[in-house]
Amino acid sequence: MALIINTQLRVLKDKLAQNIMRILTIFSILLVLIIGLSLYFKSVPILQHHSLWSLLSESSWRPFKGEFGFFPFIMGTLWVTGIAIVIATPLCLLAAIFLSEYAHPYMKRFVFPMIDILAGIPPVVYGVWGVLIVVPFISDKLAPHFVEYSAGYSVLAGGIVLAIMIIPLLISILVEIFAAIPKELRDASLSLGATNWQTIKFVILRKSLPGIIAALVLAISRAFGETIAVLMVCGNIPEAPKSIFSPGYPLPALIANNYGEMLSIPLYDSALMLAALILFVIILLFNTISRLILKRIERKFVL
Amino acid sequence: MRKFEEQLFKILMILATLVILSSLFLILFSIVKRGLPAMNWDMITKIPSGGFYIGKEGGLLNAIVGSIFIVIGSTFLGLLVSIPIVIYCNVYLPEKSILADITRLASDVLFGIPSIVYGAFGFTLMVFLGLKTSLLGGIIAVTFLIIPILIRSMDEVARLIPKDLKEATLSLGATRYEIIRVMLKQISPGITTAILLSIGRAIGDAASVLFTAGYTDSIPISLSQPAATLPLAIFFQLSSPIQAVQERAYAAALILTLIVLVLSLLARFYSRKFSKNKI
Numbered sequence: 001m002a003l004i005i006n007t008q009l010r011v012l013k014d015k016l017a018q019n020i021m022r023i024l025t026i027f028s029i030l031l032v033l034i035i036g037l038s039l040y041f042k043s044v045p046i047l048q049h050h051s052l053w054s055l056l057s058e059s060s061w062r063p064f065k066g067e068f069g070f071f072p073f074i075m076g077t078l079w080v081t082g083i084a085i086v087i088a089t090p091l092c093l094l095a096a097i098f099l100s101e102y103a104h105p106y107m108k109r110f111v112f113p114m115i116d117i118l119a120g121i122p123p124v125v126y127g128v129w130g131v132l133i134v135v136p137f138i139s140d141k142l143a144p145h146f147v148e149y150s151a152g153y154s155v156l157a158g159g160i161v162l163a164i165m166i167i168p169l170l171i172s173i174l175v176e177i178f179a180a181i182p183k184e185l186r187d188a189s190l191s192l193g194a195t196n197w198q199t200i201k202f203v204i205l206r207k208s209l210p211g212i213i214a215a216l217v218l219a220i221s222r223a224f225g226e227t228i229a230v231l232m233v234c235g236n237i238p239e240a241p242k243s244i245f246s247p248g249y250p251l252p253a254l255i256a257n258n259y260g261e262m263l264s265i266p267l268y269d270s271a272l273m274l275a276a277l278i279l280f281v282i283i284l285l286f287n288t289i290s291r292l293i294l295k296r297i298e299r300k301f302v303l
Numbered sequence: 001m002r003k004f005e006e007q008l009f010k011i012l013m014i015l016a017t018l019v020i021l022s023s024l025f026l027i028l029f030s031i032v033k034r035g036l037p038a039m040n041w042d043m044i045t046k047i048p049s050g051g052f053y054i055g056k057e058g059g060l061l062n063a064i065v066g067s068i069f070i071v072i073g074s075t076f077l078g079l080l081v082s083i084p085i086v087i088y089c090n091v092y093l094p095e096k097s098i099l100a101d102i103t104r105l106a107s108d109v110l111f112g113i114p115s116i117v118y119g120a121f122g123f124t125l126m127v128f129l130g131l132k133t134s135l136l137g138g139i140i141a142v143t144f145l146i147i148p149i150l151i152r153s154m155d156e157v158a159r160l161i162p163k164d165l166k167e168a169t170l171s172l173g174a175t176r177y178e179i180i181r182v183m184l185k186q187i188s189p190g191i192t193t194a195i196l197l198s199i200g201r202a203i204g205d206a207a208s209v210l211f212t213a214g215y216t217d218s219i220p221i222s223l224s225q226p227a228a229t230l231p232l233a234i235f236f237q238l239s240s241p242i243q244a245v246q247e248r249a250y251a252a253a254l255i256l257t258l259i260v261l262v263l264s265l266l267a268r269f270y271s272r273k274f275s276k277n278k279i
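These protein sequence lines map, in sequence, to chains Y and B. Going by my numbering, the first sequence wraps up at 303, each residue one higher than the last. Going by my numbering, the second sequence wraps up at 279, each residue one higher than the last.
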């Protein structure tokens with residue numbers, strides 16, 4: 001009798017644990033939906049006053065007068081992200097090829113921890129570095145060659161800082177992608193008399209193109225959402241940037257910079273939540289697509 | 001010509017690698033160079049006097065303690081949520097389960113969502129619950145931020161455990177609930193690494209605590225008071241026009257960088273050394 005009760009108790013515990021855990025697991029999946037919906041409901045008030053298209057395309061940002069044009073901020077985000085990708089992509093591709101095809105294992109054991117450390121440095125510290133080094137470099141050394149005056153706080157400064165920030169992510173994914181390519185393909189190409197570089201150019205890069213694109217999309221979505229570091233070096237003037245030396249005001253910086261005053265002006269908090277929603281939707285899309293591509297690559301080659 | 005191209009690209013690759021590595025050293029060097037002169041005993045033992053933005057005296061104790069509170073609270077809550085999820089996906093669900101795949105995809109996607117969005121979400125949640133900017137609000141927002149990190153890094157270890165172990169335990173008559181203990185012992189190095197990684201993210205993130213934890217000169221003594229944090233100490237004090245206040249920002253940057261460096265080294269050490277329990 002005691003044994004049966006004991007067994008029933010054990011089964012009961014098992015079932016209870018199962019249900020609690022299932023609820024938590026489903027909650028973690030639904031969290032994506034919950035975040036999206038709560039941001040959406042917060043941004044409904046402004047969407048009732050203005051159409052989404054006019055919000056996105058108008059460029060005057062005067063919350064006191066009820067004018068909320070997101071165009072300058074969207075352009076700021078695009079400029080900063082674009083510059084970051086243009087700088088980071090060639091650097092990361094070259095370095096990742098070097099690390100996976102040429103470098104000695106000793107070298108890898110030295111370089112990968114360094115990249116891990118780079119990945120772990122908090123955004124705000126990157127921002128301090130940007131203020132200390134990148135901004136003065138642009139205003140004193142670089143900008144005088146091209147434009148009459150630049151304070152240094154510019155989309156270029158934001159782009160450089162962001163580029164360094166996405167490098168660890170980009171390199172680690174690229175190295176994984178190159179490692180997933182079967183050794184037989186390399187051997188076949190080399191045995192036909194191709195040089196190392198020809199093998200890389202015609203076999204490895206071509207074979208891993210979908211993966212490279214997925215990695216870039218992931219890096220873009222990371223750069224889109226980066227807030228504090230960019231906020232510290234971009235200048236934050238709500239106008240669409242005209243050149244790489246002019247200041248910009250990316251979307252995340254807009255949200256972060258105005259949190260204090262947003263409750264006193266009508267529709268202001270709703271406008272900022274809409275900015276968060278835009279970021280969320282774009283990043284969600286980019287992330288899901290690139291993760292699915294990367295998963296498929298992993299499965300195709302490894303299993 | 002072929003040789004030339006080969007050589008050219010090899011040199012470019014080495015240069016690219018060097019540029020990346022030197023940017024790391026440049027960052028560390030400039031933070032240490034600027035932060036070291038600003039460091040003194042008062043920085044880590046005193047709270048700022050006369051307001052953090054204008055007061056010239058005092059240190060960063062408010063931000064250090066605030067950051068520690070937030071990290072402890074959010075790591076605890078995060079583990080409470082993420083360990084059951086990892087266990088459920090690896091013990092209860094079958095090998096090839098769609099639910100487990102969706103959970104992994106969801107945590108990958110959540111990992112990619114920027115901290116400012118978590119901050120905004122945390123803020124709407126707080127408005128909904130009637131909370132003001134407070135330690136509790138900060139803890140909640142940071143918990144959301146680190147849950148995907150915890151799930152991802154623990155799941156990575158849990159997936160590597162051979163399924164024979166699970167089958168052997170089951171065949172001895174154990175329930176799945178009783179396997180959990182065996183499982184936890186197996187993934188304990190993974191849990192340690194996950195905790196270290198998530199602390200590194202939690203302590204360094206500014207955008208998620210900006211709306212939710214606020215900033216204050218004093219040390220919070222209850223969950224409903226606002227709390228200062230190290231990243232915001234850097235962010236706010238660097239923009240001050242007063243030199244002495246800026247010094248505090250540089251000191252905070254040095255402290256934060258050191259903490260993150262130590263955490264990253266520890267994580268590396270643990271993930272390698274303490275995998276002895278593994279079969």
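Hints may contain errors.
Some chain B residues near chain Y, calculated using beta-carbon distances under 8 Å [as the list claims (entries may be wrong)]:
| id | residue |
| --- | --- |
| 1 | 1 |
| 2 | 6 |
| 3 | 21 |
| 4 | 27 |
| 5 | 106 |
| 6 | 124 |
| 7 | 147 |
| 8 | 156 |
| 9 | 167 |
| 10 | 171 |
| 11 | 175 |
| 12 | 182 |
| 13 | 189 |
| 14 | 192 |
| 15 | 204 |
| 16 | 235 |
If you are wondering where the hints come from, they were derived from the structure by calculation, not from laboratory data. Here the structure is a predicted model, which is why all the values come from computation and not from measurement. No residue lacks a Cβ here, since even glycine has one placed at the ideal position from N, Cα and C.
Here is how each hint holds up against the structure:
At about 11 Å, the closest approach between the beta carbon of residue 1/B and any beta carbon in chain Y exceeds 8 Å, and the interface hint on this residue is violated. Annotation: interface hint on residue 6/B holds; nearest CB of chain Y at approximately 4 Å, less than 8 Å. With its C-beta approaching chain Y no nearer than about 6 Å, residue 21/B sits inside the 8 Å limit, and its interface hint holds. The closest approach between the C-beta of residue 27/B and any C-beta of chain Y is roughly 5 Å, which is under the 8 Å cut-off, so the hint is satisfied.
Nearest Cβ of chain Y to the Cβ of residue 106/B: about 5 Å, under the 8 Å cut. The hint holds. Annotation: interface hint on residue 124/B holds; nearest CB of chain Y at approximately 5 Å, less than 8 Å. Residue-level restraint check for residue 147/B holds (minimum Cβ-Cβ distance to chain Y is 7 Å; threshold 8 Å). Interface hint status for residue 156/B: violated, as the beta-carbon distance to the closest one in chain Y is roughly 13 Å, over 8 Å.
Checking residue 167/B against chain Y: minimum C-beta separation of about 16 Å lies over 8 Å; hint violated. Below 8 Å, beta-carbon pairs count as interface contacts, and residue 171/B has none with chain Y, the closest being about 16 Å; its hint is therefore violated. A least Cβ separation of about 4 Å between residue 175/B and chain Y falls short of the 8 Å threshold, and the interface hint therefore holds. Proximity of residue 182/B to chain Y is violated relative to the hint, the smallest CB-CB distance being about 14 Å (cut-off 8 Å).
A hinted interface residue such as residue 189/B counts as satisfied when its beta carbon comes closer than 8 Å to some beta carbon of chain Y; here the least separation is about 17 Å, so the hint is violated. For the restraint placing residue 192/B at the interface with chain Y, the shortest Cβ-Cβ distance is roughly 16 Å, beyond the 8 Å limit, so the hint is violated. Taken as an interface hint, residue 204/B checks out: its beta carbon lies about 3 Å from the nearest beta carbon of chain Y, inside 8 Å. For residue 235/B, the interface hint holds, since its Cβ comes within 8 Å of a Cβ in chain Y; the closest pair sits about 6 Å apart.
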